[in-house]
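Just so you know, the sequences run in chain order C and A.
In terms of the numbering used here, the first sequence opens at residue 1 and continues consecutively.
In terms of the numbering used here, the second sequence opens at residue 1 and continues consecutively.
A few of these clues could be false.
Said to hold, decoys possible - Chain C regions said to be covered by chain A (calculated; three or more residues, Cβ under 8 angstroms):
1) 67-74
2) 103-117
3) 142-150
4) 173-186
Calculated directly from the structure, the hints in this document are not laboratory data.
Using N, Cα and C, we set each Cβ at its ideal position, and we do this for glycine too.
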Amino acid sequence: MRGSRRVRQVRAKAQASAWGWVLAGIVLVLVTGVLWWLLGAPGLSRTSIDGAERSGNTTSGEELSIWFASPQEDALVSERRRVPPIPTPFERAKVSLQELIAGPTSGALRTVSAEVKIRELFIDDQGTAYIDFTEALSQTHPGGPWAEMLTLRSILQTLVANVPELKRVQILIEGREVETLAGYLDIRRPLNTAWGVNQR
Amino acid sequence: MVMVAGLTVLASSLRSAAQPLPSPLPDEAVPVVVLDPGRGGSNLGVRGPTGLLEKDITLQLAMQAGRLIEELLGARVVLTRTDDSDAALDARAALANQVGGDLFISICAGGSLAATRREFQIFYFDGLPDETPAQRAPTNEREFAGEAEGRRGAGAKSQLLLWDQAQAEFSDTSQMFARLLYKNLRTQVAEEGRGVFGLPILLLRWVRMPAVLLDVGSLSDPGFEAKLRDDAYLQRAALGIAQAINDYQALHPRAPR
Numbered sequence: 001m002r003g004s005r006r007v008r009q010v011r012a013k014a015q016a017s018a019w020g021w022v023l024a025g026i027v028l029v030l031v032t033g034v035l036w037w038l039l040g041a042p043g044l045s046r047t048s049i050d051g052a053e054r055s056g057n058t059t060s061g062e063e064l065s066i067w068f069a070s071p072q073e074d075a076l077v078s079e080r081r082r083v084p085p086i087p088t089p090f091e092r093a094k095v096s097l098q099e100l101i102a103g104p105t106s107g108a109l110r111t112v113s114a115e116v117k118i119r120e121l122f123i124d125d126q127g128t129a130y131i132d133f134t135e136a137l138s139q140t141h142p143g144g145p146w147a148e149m150l151t152l153r154s155i156l157q158t159l160v161a162n163v164p165e166l167k168r169v170q171i172l173i174e175g176r177e178v179e180t181l182a183g184y185l186d187i188r189r190p191l192n193t194a195w196g197v198n199q200r
Numbered sequence: 001m002v003m004v005a006g007l008t009v010l011a012s013s014l015r016s017a018a019q020p021l022p023s024p025l026p027d028e029a030v031p032v033v034v035l036d037p038g039r040g041g042s043n044l045g046v047r048g049p050t051g052l053l054e055k056d057i058t059l060q061l062a063m064q065a066g067r068l069i070e071e072l073l074g075a076r077v078v079l080t081r082t083d084d085s086d087a088a089l090d091a092r093a094a095l096a097n098q099v100g101g102d103l104f105i106s107i108c109a110g111g112s113l114a115a116t117r118r119e120f121q122i123f124y125f126d127g128l129p130d131e132t133p134a135q136r137a138p139t140n141e142r143e144f145a146g147e148a149e150g151r152r153g154a155g156a157k158s159q160l161l162l163w164d165q166a167q168a169e170f171s172d173t174s175q176m177f178a179r180l181l182y183k184n185l186r187t188q189v190a191e192e193g194r195g196v197f198g199l200p201i202l203l204l205r206w207v208r209m210p211a212v213l214l215d216v217g218s219l220s221d222p223g224f225e226a227k228l229r230d231d232a233y234l235q236r237a238a239l240g241i242a243q244a245i246n247d248y249q250a251l252h253p254r255a256p257r
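Next up, chain C with everything else stripped away, as it sits in the complex (with noise of 0.2 angstroms):
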């Protein structure tokens, strides 16, 4: 009989422990909910220096990556631009392209005039892009075969950091089909996306 008493004992010990132990992993639970909720959930503003992955959205804004020529003209360089939260493609791309017309800001080389203004901008079921930008585009460019083609992928490589869903972009000016931006590189057809990614 003692013995039995004292088994009942051991086991009531046991018990209260555990429960215990539950308790204390229920509070800790909930100071770390607290503390996340506290902090802002950090980690969902991640962002990626090649562009490819777009920071989530956020009470704040969302971030856009915007792509510029380093001062050597051998690269592409991103920027940062904190925006506020932009709840299509159609208007990202316009803002992303706006933000590169409004130029660098540490430094890196403006690729686009401030002159040049987005007339229309569609994009079609294929994730084709179609931008019809003004006249300036070409007429304020500083000509020649390598500035042409960092003009191009600036608006590219832009495009596809801050729109993964674009497949191709059709560069239009004043509403038309064009040659050439500004006499060398062939832009009579849209413009595969994955041209414009960075190199370096």
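Got chain C; can you put chain A on it based on the hints?
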């Protein structure tokens, strides 16, 4: 029927350049080098900080190089323009194809995004990543007759080529010549140069022979503009072009036609 349409396009292209229709050159064992001075007329191109114009520098270099090529190599040189006139890209390509050139060198002096120094570069044609034969194909009547109507002989088999694919079969030799030109220019003008690059350059795409685009450097850079005003510098660049053609001929002697 298609051939006639193609020739009509060719002829109209040439007329738009305000030049008489060139006759195919006589069939002889002399190589034909086509030099294309970029820009011209109201198409000024890049303007240097003190006013030097791209259209003038390209013409001057092409004429100096042309003289050297004829004198030193005995080759025949055809210029796509010899005065201050402009010609559309397709007219320049059509002229080169019509005379049956063996080598095509277009010359430009590009600008740069910043007014900084950029040394010479050589380009060959390289299409865009997803181009399929269907995308390369012309969307209308832009085709031209090559073998049958050119100087390659009346007995040659008739062969129609798609205008947009004219450069396709010369990709390897164009790259090879681009490297030779790069090497010889480095030696002659004592500059490192920026390199050899493949880009979808529209003019080169339409040329049916090994073809390159030489960008002599950024005219928007004040220091380089001063260099381009120096006749001795241009003469060395012209010699670099001639030597590259000499090296190319040693590797690719002209086949009898």
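Hints, one by one, checked against the model:
1. 67-74: holds (count 3)
2. 103-117: Since three or more residues must qualify, the claim that chain A covers the stretch 103-117 of chain C holds, with 3 doing so at under 8 angstroms.
3. 142-150: holds (count 8)
4. 173-186: As far as the stretch 173-186 of chain C goes, the hint holds, because 6 residues have Cβ atoms under 8 angstroms from chain A.
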